[in-house]
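Undergrad: In case you want the letters, here they are:
Number of protein chains: 2
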Amino acid sequence: MIHVYTGNGKGKTTAAVGLAIRALGRGQKALIIQWLKGRAAGEMELLKKMPGVDCHQFGREQFVQKDSLQKEDHQEAQKGLETLRKAIRRAQYQLIVLDEINVALELGLVEAGELLPLLGKCPTGVELVLTGRNAPQELVEQADYVTEMREIKHPYQKGVKARKGVEY
Amino acid sequence: MIHVYTGNGKGKTTAAVGLAIRALGRGQKALIIQWLKGRAAGEMELLKKMPGVDCHQFGREQFVQKDSLQKEDHQEAQKGLETLRKAIRRAQYQLIVLDEINVALELGLVEAGELLPLLGKCPTGVELVLTGRNAPQELVEQADYVTEMREIKHPYQKGVKARKGVEY
Numbered sequence: 001m002i003h004v005y006t007g008n009g010k011g012k013t014t015a016a017v018g019l020a021i022r023a024l025g026r027g028q029k030a031l032i033i034q035w036l037k038g039r040a041a042g043e044m045e046l047l048k049k050m051p052g053v054d055c056h057q058f059g060r061e062q063f064v065q066k067d068s069l070q071k072e073d074h075q076e077a078q079k080g081l082e083t084l085r086k087a088i089r090r091a092q093y094q095l096i097v098l099d100e101i102n103v104a105l106e107l108g109l110v111e112a113g114e115l116l117p118l119l120g121k122c123p124t125g126v127e128l129v130l131t132g133r134n135a136p137q138e139l140v141e142q143a144d145y146v147t148e149m150r151e152i153k154h155p156y157q158k159g160v161k162a163r164k165g166v167e168y
Numbered sequence: 001m002i003h004v005y006t007g008n009g010k011g012k013t014t015a016a017v018g019l020a021i022r023a024l025g026r027g028q029k030a031l032i033i034q035w036l037k038g039r040a041a042g043e044m045e046l047l048k049k050m051p052g053v054d055c056h057q058f059g060r061e062q063f064v065q066k067d068s069l070q071k072e073d074h075q076e077a078q079k080g081l082e083t084l085r086k087a088i089r090r091a092q093y094q095l096i097v098l099d100e101i102n103v104a105l106e107l108g109l110v111e112a113g114e115l116l117p118l119l120g121k122c123p124t125g126v127e128l129v130l131t132g133r134n135a136p137q138e139l140v141e142q143a144d145y146v147t148e149m150r151e152i153k154h155p156y157q158k159g160v161k162a163r164k165g166v167e168y
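Line by line, the protein sequences are chains A and B.
Under my numbering, residues 1 to 168 are what the first sequence spells out, in order.
Under my numbering, residues 1 to 168 are what the second sequence spells out, in order.
These aren't lab readings, by the way, just hints derived from the structure by calculation.
Mixed in with the good hints, there may be bad ones.
Copies of the same chain look alike in the list, so a pair counts if it works inside one copy or between any two.
Pairs of lysine to aspartate or glutamate residues, derived as EDC-like cross-links and limited to a Cα-Cα distance of at most 20 Å, are as follows [to be verified]:
#, residue 1, residue 2
1, 29, 45
2, 158, 141
3, 49, 67
Make the full structure from the sequences, and use the hints.
TA: Structural data, given as structure tokens:
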């Protein structure tokens, strides 16, 4: 089945990570592919050391925006997609997280026309978890689970910067 | 700081679990207290085996509703609160998850008048993460982070039952 965590609120990536932990706790194997996140993150540091889960990050260290896209961003995004293709072909995971793929779609680094048919080809029994704000409407229509994380309150509204161990 | 994950959508407990994994990945220590969940769950099976995190579940195996509350439910909920009191006193954790506490509040198993002053006493530098639908307004006001998980789509709407490794 296809799961989508979208919206502007905190908790999308961590919800996907928590689902991976739930799957691992049931003896399943999980794959986590992150787009646009070349930076270190607490959860990835730990997951990389855990048995039963494979993690791949594709992206530069810098924060990427629409007007600062580089050739490397496209190349990295495509490598992420290739990793997904292989994983679907090999059918060795019960859970596959595509973290921040919605943002990669929004930035045009991945085309919905490439991604959605690929999701459709995924064998039954595989859970695909897509995260990132602004999930495209076609994805929402194809998905089985869609949760919108709505930000009601966040300390950055008061000027507090992202904190290690909490935001990353 | 105080974090709240509420709303009717999927991802509240898993987001809290993901935050715990992020904290652990940064070398922090975490405590997870679950109310109303005496049942086995994939994530708890795994977390119980992991170093750096302590997990406690308080509740009966059965699903609890407002009109089926028993003395045991009150006793279990109070044990959870006592575990929280001790943890705050000993100050040994950087992250404390109070899973489903909002539901315990709604059912009257825990009183907001007991809980909220306790949260206020928590030392700076401790992240408190409260989950469950229908977070009370006083909690939302006291919190620093509030995310509402809104259900846009869920397969139970089509009659699909909760699945092992995905819903629990």
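Undergrad: Now tell me, hint by hint, if it's right for this structure.
TA: Going through the hints against the structure:
1. Taking the closest pair of Cα atoms, residue 29 and residue 45 come within 20 Å of each other both inside a single copy (18 Å) and across two copies (15 Å).
2. In this homomeric assembly, residue 158 and residue 141 come within 20 Å of each other (Cα to Cα) only across copies, at 14 Å, whereas the closest approach inside a single copy is 36 Å.
3. Taking the shortest Cα distances, residue 49 and residue 67 never come within 20 Å of each other, neither inside one copy (35 Å) nor across copies (45 Å).
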